[in-house]
Structures are given as C-alpha cells and as structure tokens.
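Those protein sequences? They're chains A and B, same order as listed.
Here the first sequence is numbered in the working numbering, starting from 47 and rising by one per residue.
Here the second sequence is numbered in the working numbering, starting from 47 and rising by one per residue.
Since the hints were made in silico from the structure, they are not lab data.
Treat the hints with care, since some could be wrong.
Each pair may be met inside one copy or between any two copies, as identical chains are not told apart.
As the list claims (entries may be wrong) - The calculated lysine-lysine pairs, modelled on DSSO-like cross-linking and capped at a C-alpha distance of 27 angstroms, are:
1. Lys-105 - Lys-294
2. Lys-223 - Lys-245
3. Lys-198 - Lys-294
4. Lys-223 - Lys-354
5. Lys-294 - Lys-200
As the structure is a prediction and not an experimental result, all values here were calculated from the model.
2 protein chains.
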Amino acid sequence: MEVTNKYVAIKAQVDGAPEESDFEFKTELISLTVKPGSKDIIIKNLYVSIDPYQVNRMKTLSDSQKTSEFAVGIKPGEVIDAYGVGKVVASGNQEFEKGDYVVGLISWGEYSISKGVILSKLDPMGLPLSYHVGLLGLSGLTAYAGLFEICKPKKGEKVFVSAASGSVGNLVGQYAKLFGCYVVGCAGSPKKVKLLKEKLGFDEAFNYKEETDLNLALQRYFPEGIDIYFDNVGAGMLEAAILNMNLKGRVAVCGVISEYTDTGKRAAPDMLNIIYKRISIQGFLAGDYMSLFPEFASMTIDHVRTGKMHVLEDVSIGLETVPSAFVGLFHGYNVGKRIVQVSED
Amino acid sequence: MEVTNKYVAIKAQVDGAPEESDFEFKTELISLTVKPGSKDIIIKNLYVSIDPYQVNRMKTLSDSQKTSEFAVGIKPGEVIDAYGVGKVVASGNQEFEKGDYVVGLISWGEYSISKGVILSKLDPMGLPLSYHVGLLGLSGLTAYAGLFEICKPKKGEKVFVSAASGSVGNLVGQYAKLFGCYVVGCAGSPKKVKLLKEKLGFDEAFNYKEETDLNLALQRYFPEGIDIYFDNVGAGMLEAAILNMNLKGRVAVCGVISEYTDTGKRAAPDMLNIIYKRISIQGFLAGDYMSLFPEFASMTIDHVRTGKMHVLEDVSIGLETVPSAFVGLFHGYNVGKRIVQVSED
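Generate coordinates for the entire structure from the input sequences, incorporating the hints supplied.
Below is the structure:
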C-alpha cells in the first residue's frame, strides 16, 4: 500500500536566525509494506523532538559540523531526521515488528523509513509516550551526563543554570536540587522565573532580560561564588559566570543558543580567571554517554513517579506546527521540552 | 651584623605593558643574624626566576588575583617575592642551617628573609644551580603536569605548543616528542624556529609573526588536526587552535602572555567547535601538582643526563638586570627560561 508522506524541509541553507518562511512542506509517495530482502523499518511518527541544535545542521556546512557524526548537514528539500517516538508499521528487520513502539532517530514527517540506526524498541513503562522524547530522551541524558559526569557536583555546591526553563536546563536544575546543591537559574520572562522558583524548587531564579549587568546579577545570587555552571547559551552569560566562579569551578557546555544564529556573538572569557581559578570548560554531547542510560532512566523515572521531579513539556499538535515550534525556540517561546505530536497513537 | 639589602620594587601598580621605568631599586638594612626566638631564615639569593605572571600581581588587584593564593598582589615599594635558589646565611628554623642551598620563594633582591613557607632544602644533585630554578622548578612542573596530567597524551597524538621557545613551552615540546607525539611549536623569530626544529627536535615550527592567518597556518602544520594544545599565549592563537582541533581535543592553559598586558585582547573561541568536538579547556597552576614533583624530577633529570633533553636558559648577571629581563619577556627577547644570577655561590 502506498501513502503520501508529508514532511518538513528547508528551502535553502539557513545561515541566520530561522524564520517560518525558511521551511516548506513536501510530499513523497512511500510504500507501507517492506520489499522482500529489505531491512527497512517503516514507522508512523507519533512525537518528534524540536531542538535548537538542528539550526546548526541547516547552515552552510561548517568545520564543526563536518567533524561530528551528530551534526550531519541537512540539505534543502530533504527529509530532516530528528529524535522522537513512533510505531512500527512494517519491518524487514527482525529486531522490530509491526506494532512496536520505537524511540530514536525518526523524522520531521508523518512517516519515517529507518535502517535501524539509532533506533530502539520502546517500553513506555506506563509513562506518557512524550516523556520518552525529552525527559527520557537526549535532553534528559544531556542534563544528567553534563551535571553528574562532567561537573561532578558535591552536596552544597553552588550551581548556575542558564536557559533554566528549557528542555535541558529545567532538568539540570531539578537534578542538582535533588542532589543537594544550591541552584539558581536564569530565564527570559517573569512567568518562567516564577515557574523555576515556585514549581521546580530552584533556590533562586532571575530574568536575564531585566539585568543590565550580568556580572552584578550573578554576584547578587552567588555571594559565595559559583562552583558549577551548566551553560546552554554561551556569549555574555558565560563570561559573567567565569568571573563569578570559585576555585576549581566547572563549566559544562552542551549548547550556546545565543551563538547559533549570530556568529558575531561569542564569549570571550577572561583567561586569567580560568587559569588562576583552575576552571575547566568542557564541551559535550549526550550521545557520548549512552552507557549511562540505564542509571539515568532509572533515577529519573523514580523521581517522576515519586513526584519529586516535574516534567515540563510544551507540546503542539500536527506536523504543520513544526516550523513555528522550531522558530519559537530562538525567541524563548517554549517552556520545557518542545515537542510536536505528529499523529495520535 | 647588618648589611644593606638591595631589592627591586615597583614604583606604582603596573596596569599596562611593563617598562623598565616602572621599577626602582630600594635598599633596606637587614641583620644577617637571627634574633633569639625568631624562626626566620636569612638567605643570600643566588638565582631568581623571571616570570611573566608577575605582571598580574603588579596590577591593580583584580578578582582573579584575589581568589588565588598564587597571585598575591605586589605593593609599590615592597619586596617582590619570586621563585629561586639561594644559600642560607642564618636560620632560626631547625629544618634549615647555615650553608644549606634552598629552593622556593625568595625575592628579587640580594637577600631574602623567609618564614620557611614554600621553601625547601635543595640537593643540587650535581646539576647547575640554575637548573633548579626553571627546568626543575615551577616552569618544568608546569610543563610536566599540564602535558601529562591534564592533556593525557597518547603516543602518536598531535601536539601544538605556543610560545614554544619559552620557559614552559620548550619543555612541553621536548616531553611530548620524547613521549612519542607529533609536535609543532610556534615562536616569534626565525632564530627561535630554527632552534625548535634543529636543536629541540620539534617536528615542525613556525614564526607566528610571519603568518597572516593563524587558522591557515595550523591547517598547514596539522593536516590531521590537533589533539592537544598547550596554550601559553591565549587570544587569536587559542581561537585558531580550537578551529583545528580534533574530536576530544584537550587544551591546557597555564598562561596567556598576550592577554596579560592588554585586557582588550581576548580569545573568543567558537563554542560550537567546543561542543561538537567535545573539547576541554583546563586552566591550571603548577602549585596544585606538587605531589608529582618526585616523578617529574626523576624523569627530567634522567632525560637531561642522557642528553635526550636540552636545557634552554637565558641567564643575565646582576640584580640590576631584573627589570630589563622582566620587561623583555613581553617582547619575546628571552630564549628558554629567563633567570637572573644575583650573586655568585
């Protein structure tokens, strides 16, 4: 049986801030049966992840993109692969069969055809399917690995998280609080600040847009200095955090959203601070920490089931909402993990 | 017995590039006998170390300086402590006695009065006393700890060293070559480049002043990319190195001489490269690695005695040469470790 698969594509490489007009919907005819001998897995997409890093894949290929298996360039007109949850429609791969839920690399489209690479069978474990996109997906693993493996917190240490109401930041803050750290987050609206303090249990939170001097803001919230900075934004916030760090401070950098769409915007941290305070800055990608998945998932599910951790999701419905959801990330419209529900289960 | 102790002092805080006129020679009367009950150690200074980092201590106190026990501010008119080798004239401390050689914190003067803090008895082990100032002092330990402990090289990895004919850089390059790495250094004159290649055994070396595009220069010398960058300079060289680093590249930063005297000059590395290539940048100070001293000294002495390692020293004679020696560091006048011989043994 053949069906029309609608998918989202870029019209041309996107080198600045993305706009909805950079995208188009295309269709292709695909077969919902697998040809004899093929090992393809045909998936009906249910929930897809909307992540800022995709904008880097849309750019004219840069050196960074070429050197990373996690950032293969996206070509105009082509299907865009993305993390998500789907259901197998047909499979030539004996590890998957019709009706299985799967999680991993699917696409910003109605259907995906997978070779089984970066794809696993999913046991929803009684949790909403969307939880497996963000909380128990790469956003969650990024937060967990970055905080525990890279920053190696000690109880009582002072943790600063930027983009703290975002998909990764909100989890970093919650993990750090549950672990016994003092946690301050920054976000871009009074509503988000309220959410961080009142719902997620951050010790303090502030709206960076209301601060004229980030250095002074951090001095105010960290009178005893910052031990760990989980950087999601780069640029001026990273510079200010370095100025306020304690001896042997650690910075984990998994994203620099403020620099993605503006290459002129860069952090120029004070290297003297980095030397004298023996600060480390470590770039990382969650994909390197897949071995931590079992302990990460186990701890996280436990916290969620016992109500200690809140799940922040921002889900819109319909493939048509993918461009606006994606563009909105760069304007701070999302609260928590941005997900699009493509189809009902 | 009282003598006149001549010492070097700054006339006022030095906030830009230092000049000889920023310094003055002062004298004080000191006793060469120890008062009953005093634990002072009176030392005749023989060789003193001339290091770029001292300029940071001469500045109007910055946040970095305040947070580091290694960078106590220097006040105008006062004695400037510095690493070096001396001989005990009198001692109220039972661990030291007259005639002992000592190494550690003495001063830019003819005599030092020490409380025994950061001071050890020195067994010259048949090596020139000056070797204990640089090669077997903090310069050597900085090179050793930065390369082996922070960058953790593997045989065959590609190592880039800036300020490679300097006190630390020349040793980093020699250690890395002896360990089995591919090593490229940069320096600021054709004579230094020749020395690196012909005497110290670097695989390649280049004069950064002759390069109009540091990124292209590094692409030329590292067609397979850089695994380790030992940064002694900061600013543009750090940015170019990041662009040319391989996956999981490591940067050790122990000094940023180009940024010391020009706070407007800063590295603004591409954070996307840092994330996608999972690069780490680690600031460090040798003082944190004193526990490595025995293995460091043993390996280094062995290499020097067997002729595998060359000792690059730039020694001038007389306390009067301290200001010019120090100022010269910022103009690249030194080759190897800059030392002043204050007195004959």
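Taking the hints in turn, this is what the structure says about them:
In this homomeric assembly, Lys-105 and Lys-294 come within 27 angstroms of each other (Cα to Cα) only across copies, at 23 angstroms, whereas the closest approach inside a single copy is 36 angstroms. Proximity of Lys-223 and Lys-245 under a CA criterion of 27 angstroms is satisfied intra-copy only: 12 angstroms inside one chain copy versus 56 angstroms between copies. For the homomeric pair Lys-198 and Lys-294, the shortest alpha-carbon distances inside one copy (11 angstroms) and between copies (19 angstroms) are both at most 27 angstroms. For a Cα distance limit of 27 angstroms, the shortest separation of Lys-223 from Lys-354 inside one copy, 10 angstroms, qualifies, whereas the shortest one across copies, 53 angstroms, does not.
When the C-alpha separation of Lys-294 and Lys-200 is checked against a cutoff of 27 angstroms, the pair qualifies both within a copy, at 12 angstroms, and between copies, at 25 angstroms.
Checked against the numbered hints given earlier, this structure breaks none of them.
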